[in-house]
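Chains P and G, in that order, are what the protein sequence lines are. Counting with the working numbering, you get residues 1 to 35 for the letters of the first sequence. Counting with the working numbering, you get residues 1 to 188 for the letters of the second sequence.
Hints are supplied without guarantee of correctness; some may be wrong.
Computed cross-link-like contacts, SDA-like style, restricted to lysine to any residue with a CA-CA straight-line distance of at most 20 Å [claimed, not checked]:
#1 Lys16(P) to Leu163(G)
#2 Lys15(G) to Gly25(P)
#3 Lys23(P) to Ala20(G)
#4 Lys16(P) to Ser64(G)
#5 Lys19(G) to Asp24(P)
#6 Lys65(G) to Lys23(P)
#7 Lys19(G) to Leu182(G)
#8 Lys16(G) to Leu26(P)
#9 Lys23(P) to Thr71(G)
#10 Lys14(P) to Leu182(G)
#11 Lys92(G) to Tyr17(G)
#12 Lys36(G) to Ile5(P)
#13 Lys92(G) to Ile5(P)
Beta-carbon label-pair distances, calculated as ranges [unchecked claim]:
#14 Phe4(P) to Glu109(G): 21 to 31 Å
#15 Arg170(G) to Phe6(P): 13 to 23 Å
#16 Pro29(P) to Lys137(G): 33 to 43 Å
#17 Pro117(G) to Lys14(P): 40 to 50 Å
Think of the hints as simulated: they come from the structure by calculation, not from any bench. Please read all numbers here as calculations on a predicted model, not as lab measurements. Here a beta-carbon is modelled for each residue, glycine too, at the ideal position from N, C-alpha and C.
Chain by chain, the residues:
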Amino acid sequence: MNSFIFDRTEKAFKEKTGFEITKDGLLLPVPESFQ
Amino acid sequence: MDKYEIGIRLGGYPKKYLKALTCEISKKFQIKKNKKIVPHLNFLRPFTTNNETELIENFGKTLSKYNQLITYTLEGFGTFENKEKVFYGKIKSNPQIENMINDLEKSLEENINFINPKIKLPEEKQKINLHCSIISKGVNKYFSEIDYFLNKQKFSKNITHPLLRVYLLRNKFILREFDFYLNENLDE
Chain P
1 MNSFIFDRTE
11 KAFKEKTGFE
21 ITKDGLLLPV
31 PESFQ
Chain G
1 MDKYEIGIRL
11 GGYPKKYLKA
21 LTCEISKKFQ
31 IKKNKKIVPH
41 LNFLRPFTTN
51 NETELIENFG
61 KTLSKYNQLI
71 TYTLEGFGTF
81 ENKEKVFYGK
91 IKSNPQIENM
101 INDLEKSLEE
111 NINFINPKIK
121 LPEEKQKINL
131 HCSIISKGVN
141 KYFSEIDYFL
151 NKQKFSKNIT
161 HPLLRVYLLR
171 NKFILREFDF
181 YLNENLDE
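One chain only, chain P, in its complex shape (with noise of 0.2 Å):
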């Protein structure tokens, strides 16, 4: 498997940080400084 590839990466950014990469590339749920 290609390890570049994003999969593992995204699922662990959720997990660290309670954020998701929505398919859009928009993150939810959107944090305050970006309000």
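Chain G: place on chain P using the hints.
Positioned in the frame of chain P, the structure of chain G alone reads:
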């Protein structure tokens, strides 16, 4: 000799937004674009090394110190007024990213040789100017039209994305990519 580069592939909405913009400009003004568009930011200018193993090790070791949420934001457009003009997306100045770049340069400098010398600029312009090229070749003819087109684009604060990885390229191909959330120096 092999040529190395360090930077990031843009992700999420900033990537989609800039890719779409490149395609739109290319179509509207009939300017040829690269077949594969990879919006990216260069952190260090191209360099060579005599010790790739050490380079890879120092690259991973330096980046592993950065484990907090870092984001980058597109804040506007700019141009390089070279002989062949370049339009780019401006990335908002971010001290965390600038520290990371300075740290990388310091930790690698003994082991690398930059291919081109640093451009000497007046002190006030010495700041790191992070930018993502949108379109370059063949834009001179439509310079003012493209400039007008870009300046009427609307921005929202959503053109922001977390910094997930930093790549190390060797001859344009990814040799390693440091992942901040997996805390791994990925290879194929």
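Going down the list of hints, with the structure as the test:
1. Restraint check for lysine 16(P) and leucine 163(G): the C-alpha separation of about 14 Å stays at or below 20 Å, so the hint holds.
2. The suggested pairing of lysine 15(G) with glycine 25(P) holds, with an alpha-carbon distance near 8 Å, which does not exceed 20 Å.
3. Simply put, lysine 23(P) and alanine 20(G) have alpha-carbon atoms about 16 Å apart, close enough for the 20 Å limit, and the pair holds.
4. Only pairs whose Cα atoms come within 20 Å are accepted, and lysine 16(P) paired with serine 64(G) is accepted, the gap being roughly 15 Å.
5. Between the alpha carbons of lysine 19(G) and aspartate 24(P) the distance comes to roughly 13 Å, so the proposed pair stays at or under 20 Å and holds.
6. A hinted pair counts as satisfied when its Cα atoms are at most 20 Å apart, and lysine 65(G) with lysine 23(P) does not qualify at roughly 29 Å.
7. Note on lysine 19(G) and leucine 182(G): the hinted pairing is violated, with a Cα-Cα distance of about 27 Å set against a maximum of 20 Å.
8. With a C-alpha separation of about 11 Å, the suggested pair lysine 16(G) and leucine 26(P) falls inside the 20 Å cut-off, and the hint holds.
9. A hinted pair counts as satisfied when its Cα atoms are at most 20 Å apart, and lysine 23(P) with threonine 71(G) qualifies at roughly 18 Å.
10. Straight-line distance between C-alpha atoms of lysine 14(P) and leucine 182(G) comes to about 11 Å, which keeps the hinted pair within the 20 Å bound.
11. Restraint check for lysine 92(G) and tyrosine 17(G): satisfied, since their Cα atoms lie roughly 16 Å apart, inside the 20 Å limit.
12. Of the pairs offered as hints, the one joining lysine 36(G) and isoleucine 5(P) holds, with about 17 Å between alpha carbons and a cut-off of 20 Å not exceeded.
13. In summary, the hint linking lysine 92(G) to isoleucine 5(P) is not supported, as the alpha carbons are separated by about 26 Å, beyond the 20 Å threshold.
14. Here the CB-CB span from phenylalanine 4(P) to glutamate 109(G) is close to 27 Å, well matched to the stated 21 to 31 Å.
15. The hint said 13 to 23 Å for the Cβ distance between arginine 170(G) and phenylalanine 6(P), and at roughly 21 Å that hint holds.
16. Distance hint check for proline 29(P) and lysine 137(G): the Cβ-Cβ separation is about 41 Å, which falls inside the suggested range of 33 to 43 Å.
17. In this structure the hint that proline 117(G) and lysine 14(P) lie 40 to 50 Å apart at CB holds, the actual value being about 43 Å.
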